[in-house]
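Visitor: So you can see what is in the structure, the chains are spelled out below.
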Amino acid sequence: MAAVPSPPTPTSSPAPLPSPLPPSASASASNPTPAPLIMPSAIKKEEPDSELSRVLKFLQENQLGDAAEKVKRAFATSSPSTASSSSAATGIKTEPATPNVGSQPNNVLASYESEGDPRLYERVYHDLVEFVHNSLDLYRHELALILYPVFVHMYLELIYNSHESTGKDFLDRFSVIQETFFQEDIKKLSFISKKEHMAGSELMENFQTSQFTVRMSRDTYSQLRQQKKYMSEKKYTILWNIIQEHLYLDVYEGIARNKGQIVSTAGGVVGEANRQANRTKIFHGLPKEPDLANYLSVAAESEDPGEEGDKAKKKKAKKDLSFLRKQRNDPNAPSANRMPFPELKDGDKIEKAKKYRELQKRLRLTNESLPSACFYTVLNAKESVTAVELSDDSTLIALGFANASVQVWSLLPYKLKPLKPAETLMDIDQDADDVFHRMMDDNKGEAFKEFLGHSGPVYGLSFDPNKDFLISCSEDGSIRLWSLQTWTCIVNFRGHMSPVWQVLFSPLGYYFASCGHDKTARLWSTEQSQSLRIFAGHFSDVDCIAFHPNGNYVASGSSDRSVRLWDCVTGACVRLMTGHKKSISCVQFSVDGRFLVTGGEDRRILVWDVVYGHLLGDFESHGKRIIALGFSRGGSTLASASFDNSIKLWNFEKFTSELNLEEVNVTHNPNVDKDSKRLHMATFYTKDTGIAGLHFTRRNLLIGVGAFH
Amino acid sequence: MEVDKDDKDDLGVAGSGLLGAAGSDDVGVTEGSAALGGPLQDEKDTQSSEFVLRSDSVRSYAESIGLSTNQIGEEAIIFMSRNLRQILQDASRIMFHGKREYLMAKDIDMALKASGLEPLYGSVAGEHIPFRFASGGGRELHFGDDKEIELTDLSAAPIPKVPMGVSLRAHWLAIEGVQPAIPDNPPAQSKDQLQQESSNPLTKLNNPDAKENKLSQVLQSKPTKLKNMETVNVKQLATHELSVEQQLYYKEITEACVGSDEGRRAEALQSLACDPGLHQMLPRLCTFIAEGVRVNVVQHNLAILIYLMRMVKSLLENQTLFLEKYLHELIPAVITCIVSRQLCTRPDVDNHWALRDFASRLMANICKNFNTSTNSVQIRITRMFSEAMKNVKSPLVAHYGAIAGLQELGPEVIKVFIVPHIKYIADRVDQANDPNIMASSMGNIDKIAATHIRNLIIKSVSPVLKGIRPPPDILEEYKAEYGSFGPLLHAAVTRLRQSSKTSSSSSGSASGSSSGGVGGNVPSARSVMPGSNPVMGQPGNQQPRIYVMSTNATSGVQNTPVQMVMSPTVGTPSPTNASGQPRMMIQTPGGGVQGVFIQPQNPQ
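Note that the protein sequences, when read in sequence, are chains C and D. Each residue of the first sequence is one higher than the one before, counting from 1 in full-length UniProt numbering. Each residue of the second sequence is one higher than the one before, counting from 1 in full-length UniProt numbering.
Bear in mind the hints are in silico, worked out from the structure with no lab data behind them. Just to be clear, a hint being listed does not mean it is correct.
[Claimed, not checked] In silico DSS-like cross-links for lysine-lysine, where the CA-CA straight-line distance does not exceed 27 Å: (1) K188(C) x K113(D); (2) K161(D) x K382(C); (3) K313(D) x K687(C); (4) K106(D) x K382(C); (5) K417(C) x K355(C); (6) K467(C) x K345(C); (7) K467(C) x K444(C); (8) K161(D) x K147(D); (9) K188(C) x K106(D); (10) K382(C) x K113(D); (11) K355(C) x K654(C); (12) K195(C) x K168(C); (13) K345(C) x K417(C); (14) K368(D) x K313(D); (15) K349(C) x K467(C); (16) K624(C) x K106(D); (17) K390(D) x K459(D); (18) K415(C) x K382(C); (19) K479(D) x K501(D); (20) K355(C) x K288(C); (21) K355(C) x K415(C).
[Unchecked claim] Covered stretches of chain D, going by a simulated chain C footprint (3 or more residues, C-beta under 8 Å): (22) 93-103; (23) 158-165; (24) 336-343.
[Stated by the list, open to error] Taking CB as the label site, the calculated pair distances span: (25) Q485(C) x I149(D): 45 to 51 Å; (26) F58(C) x S115(D): 27 to 33 Å; (27) P180(D) x Y414(C): 26 to 32 Å; (28) Y414(C) x I149(D): 44 to 50 Å; (29) K147(D) x F58(C): 58 to 64 Å; (30) S529(C) x L154(D): 43 to 49 Å; (31) S115(D) x V176(C): 28 to 34 Å; (32) N258(C) x P180(D): 45 to 51 Å; (33) V176(C) x D153(D): 52 to 58 Å; (34) E241(D) x V176(C): 56 to 62 Å; (35) I490(C) x K161(D): 33 to 39 Å.
Even glycine gets a Cβ: it sits at the ideal position worked out from N, Cα and C.
One chain only, chain C, in its complex shape:
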């Protein structure tokens, strides 16, 4: 039930459910874990009362009375409040679906019922096009936004009322004037040529379950309203009915946007994001790092034992301390207990301290000091490498293959060793200093380890930040957790029923997210076999995901050409960003968590402001689809890899420093920076090796991985 994609509601989401994420420390196998929560955004408003009552009954049975109460309240207020709030805010009479439309899912189609003369449609649409073309330049581009949705709905109306040949003529005549990025959808549409075809088409589902959102300024809207007076003849009622029933006109105060602004955000399957969708406050800051002062010296010791005197060591430690103290409390950071994380163990802290020491030695990347790049070519694996991942400390590389195997290679000259068998482990002195060394079985060291378990191509891999686990996902719908100590499979997570495209560990460990062909992204923890959250809302495959650096949010990119940001705590979709003209293939958060960078099949790299969901930058320079994105440590440089066998570096620091983020607010769209040449730092071409993954080491050495064609 929760997996049913539901429209982004124009109202703010219902009050968030209390979401008891399992407190990791206390979670044990004996405690019955709470049932997977139903995402507020996943509840369909149009659900019939009987279903609602069933939901309520279920909640009450599970002693979730509080939640039930909220669901009841939210449901009671949602429909009326939508209408009232939008009309109150904008003073217009465009309203979301009329109440009777949604009473039964099948009846969505019934709204296409019309007695209109089929021959009128072409005339009416032609008049609408004429009107748009003859309107003032100032408004023309915004008005043109309604052409596509009206076109689609008119066609569907024709088909629904069995005027197939008229519909085909209509499609042939007007499909050429639609934007190029909609052509693909129009082709899908052309296959719906009978009333019976209307059910079951992915595109149809998207159009019938949601209203196409069009943002326009008040002035533009009044133009449209005036026009309605002129076009008041009876034949035009088909037009106005469609606009009223199937379009959501999001009217904002201010001047109409220019062509560039409109084009940059157009392209979503169901239109743009409306304002309300991006209203929620996002805690994009980074939480304070745990106090590592005591561990830094330990890390230093383990790194260069005996090389320096005590004095020098202390000095160093002090320097490190000052670095840590500089961290102020970020006002935008989520509170530490917003999302529960397991306590860090001593070993983890030492590992973290090591990381910071390394990071301090990193190369500062500027236009003058470009990074070196090392490329790992996978040989003898033509067409079969489907996933690549490096561990954070760049010592391990994991490769996923089309033959369902996973290989982990050590990039250091050390061999990969398994733990000794349990009987021998008993004999080891647990207090010995080198207890970890002694636990390893030296005799069984290998240059690489192979994991077998999946039954389809492995599409995603991710290392746990502590390098204890590797997680992999596959075409067979399963996600597997592998131990890097025993080199065996520990858990098989089931939930996705169709191919899983990507899986990703949270930057703080413990949680991981996955996304797949079933149009959902999911949040999991390593301790529970059920998913904790299901992020449903995309209209097509979710192709890629990224964790926010503070672990509280997940961004997802989809084949429906939109990017969504999900709150892991409430499970709600908090940002919807459109602008890509084709499917999105990779997403990545900037290191400071403020920006989101996405790359797509349309060869463009887009930079978004997480705070308001605005598009800020558009770098178009690659010759083919973008495959991977990566930020340098410190975040000053963005690297992008593409199918054109090139890696490009972009000066992200320059980009952010030139932004004027003070002026930006929710309604005011900033101009999109398209000057990609200015920010371009370098391009590295491989000879004939496709690039499958990008990684920056802690000292800012760029590593690329790919299979030789």
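Chain D: place on chain C using the hints.
Guide: Chain D alone, transformed into the frame defined by chain C:
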């Protein structure tokens, strides 16, 4: 629902066939169009109706699973087309997640699986599936070739090699932002770029790198001064500094190429032929070759000349180099090796013919690769050879070289430039064979040359003659036209005709296009060579001749600041070292043999 089920079965049975029948563009488009978006994005111009399967192909599938054709209506066809498209789109998504740009059969399998259909087991082909085409009875049909495999053959066949295991290999893609020129990386400058620069040096100025150059900034800010300063600036940009590694490489390569160790030479030549990133050293290498030829022709060092020509061959083979800029150095060197009057110390014994043949082939190769309408290399080369051939004063060896050079350029050139002069050549050869002249040693050399010329002419001209002369071969005609070569040519042509008859090769003439040219006299032959003599050494000189041809006046290499002292006497007492192997010495002005002898000239 029934139709629905049938269709799915249909897809299952003949899915791969469907792709072929839907029109080959359907498959072609899905392959490799990922960059352009959806698999069918390319077909923007085509009407939607073309996505529909053809009804006759659908019917033939229906028949293949035992349905009568009447049951298949328009509805089913549209439905099938829609399903097929859906599957293709899913497959293209799977293709992307497989990090590929081209669709494979297994993608379609997985797309079928994802939409709940049975995958097509066994259709996974390693290579392209060839579709056959058949027509008959007014119907056209595409089908996959289904070979029968004998089980015993399969079991008796040797077990194929186990494929190599996966391995990782690391290389530096970039070092501090610069891509090192190693075989793992693509060439630093693409061939197009080099070509652009050679044809228009000013493009370099517009290069972003050149913008940092002070002078070019001045140039760009004050376009009025452009004319005055242009030459200065181009010179300056043409200075190349070699890194220490490149200098070492250069030293190693040149030493290995002309040294005595055959193994090292093979490696060095291999390196010249394959390594990318040589373009910076190219001016030096070309100068090395040109100067080397100049010196060793004087020395009659046949071995060194052969080695140098092999270097030229390797450079020509290197795909990453663009040699056009350096032709003005290479061509004279190669031509010298073809037509020089003496290439070795003992012309009567040594096989300098091989060098002339080898260099001729190189020349033909250069003409083939670099001839353009602007530099007209081939026209100039041809003209020069034919002048040399007709020159009465030049020795017979030079004649041999000229003929060898011409005949490598193809049958058309042979027809126009050699055939009309066979009689003249025959007369010269007869003179050489005249017993009165035989007395001197020179006469002996000429006699050998005469034999070689005769053999060469007969070998190269007879196939052409066979093409241009009408069949009845009359000995008298041949004698009249080709002098003393007549009988031999007659015999060779007759033999060729017989062999071609017996081998029943149906193709006509060797030179093909010629139709009117009866006999050897082609009156228009001279009109092919307009203008005057190319720059050419005077024949009869005692000095070894170096033919100099300028290719491109704007070419920047004459500015290359190479300082070379070529002296066979300074440095080592004798040009021949202990092993008897001739050595060429290249020295710095400072004296002493150094690997590093190229100093970028300091501008001003």
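Visitor: Hints first: check each against the structure and report whether it holds.
Guide: Now the hints, each set against the structure:
1. For the hint pairing K188(C) with K113(D), the CA-to-CA distance comes to about 21 Å; that is within 27 Å, so the pair holds.
2. The suggested pairing of K161(D) with K382(C) holds, with an alpha-carbon distance near 17 Å, which does not exceed 27 Å.
3. For the hint pairing K313(D) with K687(C), the CA-to-CA distance comes to about 25 Å; that is within 27 Å, so the pair holds.
4. For the proposed pair K106(D) and K382(C), the alpha carbon gap of about 14 Å is at most 27 Å, so the pair holds.
5. Restraint check: the Cα-Cα separation between K417(C) and K355(C) comes to about 23 Å, which is no more than 27 Å; the hinted pair holds.
6. Annotation: proposed proximity of K467(C) to K345(C) holds, straight-line Cα distance about 14 Å (limit 27 Å).
7. Only pairs whose Cα atoms come within 27 Å are accepted, and K467(C) paired with K444(C) is accepted, the gap being roughly 19 Å.
8. A threshold of 27 Å between alpha carbons decides the hint, and for K161(D) with K147(D) the separation of about 23 Å falls inside it, so the pair holds.
9. Pair hint K188(C) plus K106(D) holds up; C-alpha atoms about 24 Å apart against a cutoff of 27 Å.
10. Of the pairs offered as hints, the one joining K382(C) and K113(D) holds, with about 23 Å between alpha carbons and a cut-off of 27 Å not exceeded.
11. Annotation: proposed proximity of K355(C) to K654(C) holds, straight-line Cα distance about 26 Å (limit 27 Å).
12. A threshold of 27 Å between alpha carbons decides the hint, and for K195(C) with K168(C) the separation of about 13 Å falls inside it, so the pair holds.
13. For the hint pairing K345(C) with K417(C), the CA-to-CA distance comes to about 23 Å; that is within 27 Å, so the pair holds.
14. A C-alpha spacing of about 14 Å is found between K368(D) and K313(D), which places the hinted pair at or below 27 Å, so the restraint holds.
15. Annotation: proposed proximity of K349(C) to K467(C) holds, straight-line Cα distance about 13 Å (limit 27 Å).
16. Note on K624(C) and K106(D): the hinted pairing holds, with a Cα-Cα distance of about 23 Å set against a maximum of 27 Å.
17. Taking the CA atoms of K390(D) and K459(D), the gap is about 20 Å. The hint holds against a cut of 27 Å.
18. Between K415(C) and K382(C), the direct Cα distance comes to roughly 26 Å. Compliance with the 27 Å bound is thereby established for this hinted pair.
19. Only pairs whose Cα atoms come within 27 Å are accepted, and K479(D) paired with K501(D) is accepted, the gap being roughly 24 Å.
20. Restraint check for K355(C) and K288(C): the C-alpha separation of about 16 Å stays at or below 27 Å, so the hint holds.
21. About 22 Å separates the Cα atoms of K355(C) and K415(C), which keeps this hinted pair within 27 Å; it holds.
22. Remark: the region 93-103 of chain D is confirmed as covered by chain C, as 8 of its residues place a Cβ nearer than 8 Å to a Cβ of that chain, reaching the required three.
23. Interface restraint, the region 158-165 of chain D with chain C: holds (3 residues with C-beta to C-beta distance below 8 Å; minimum three).
24. Coverage of the region 336-343 of chain D by chain C is violated. Counting CB-CB distances below 8 Å, 0 residues qualify, and the rule asks for three or more.
25. The hinted window of 45 to 51 Å between Q485(C) and I149(D) holds, with their beta carbons roughly 48 Å apart.
26. A C-beta distance of roughly 31 Å is found between F58(C) and S115(D), which places it inside the suggested range of 27 to 33 Å.
27. Our hint of 26 to 32 Å for P180(D) and Y414(C) holds, since their Cβ atoms are close to 28 Å apart.
28. Distance hint check: the CB atoms of Y414(C) and I149(D) are about 48 Å apart, consistent with the given range 44 to 50 Å.
29. A C-beta distance of roughly 60 Å is found between K147(D) and F58(C), which places it inside the suggested range of 58 to 64 Å.
30. With their beta carbons about 46 Å apart, S529(C) and L154(D) fall inside the hinted range of 43 to 49 Å.
31. Checked against the hint of 28 to 34 Å, the C-beta distance between S115(D) and V176(C) comes to roughly 31 Å, which is consistent with it.
32. With their beta carbons about 46 Å apart, N258(C) and P180(D) fall inside the hinted range of 45 to 51 Å.
33. In this structure, V176(C) and D153(D) meet the distance hint of 52 to 58 Å, their C-beta atoms being roughly 57 Å apart.
34. A beta carbon spacing of about 57 Å between E241(D) and V176(C) agrees with the range 56 to 62 Å that was offered as a hint.
35. About 37 Å separates the C-beta atoms of I490(C) and K161(D), a value consistent with the hinted range of 33 to 39 Å.
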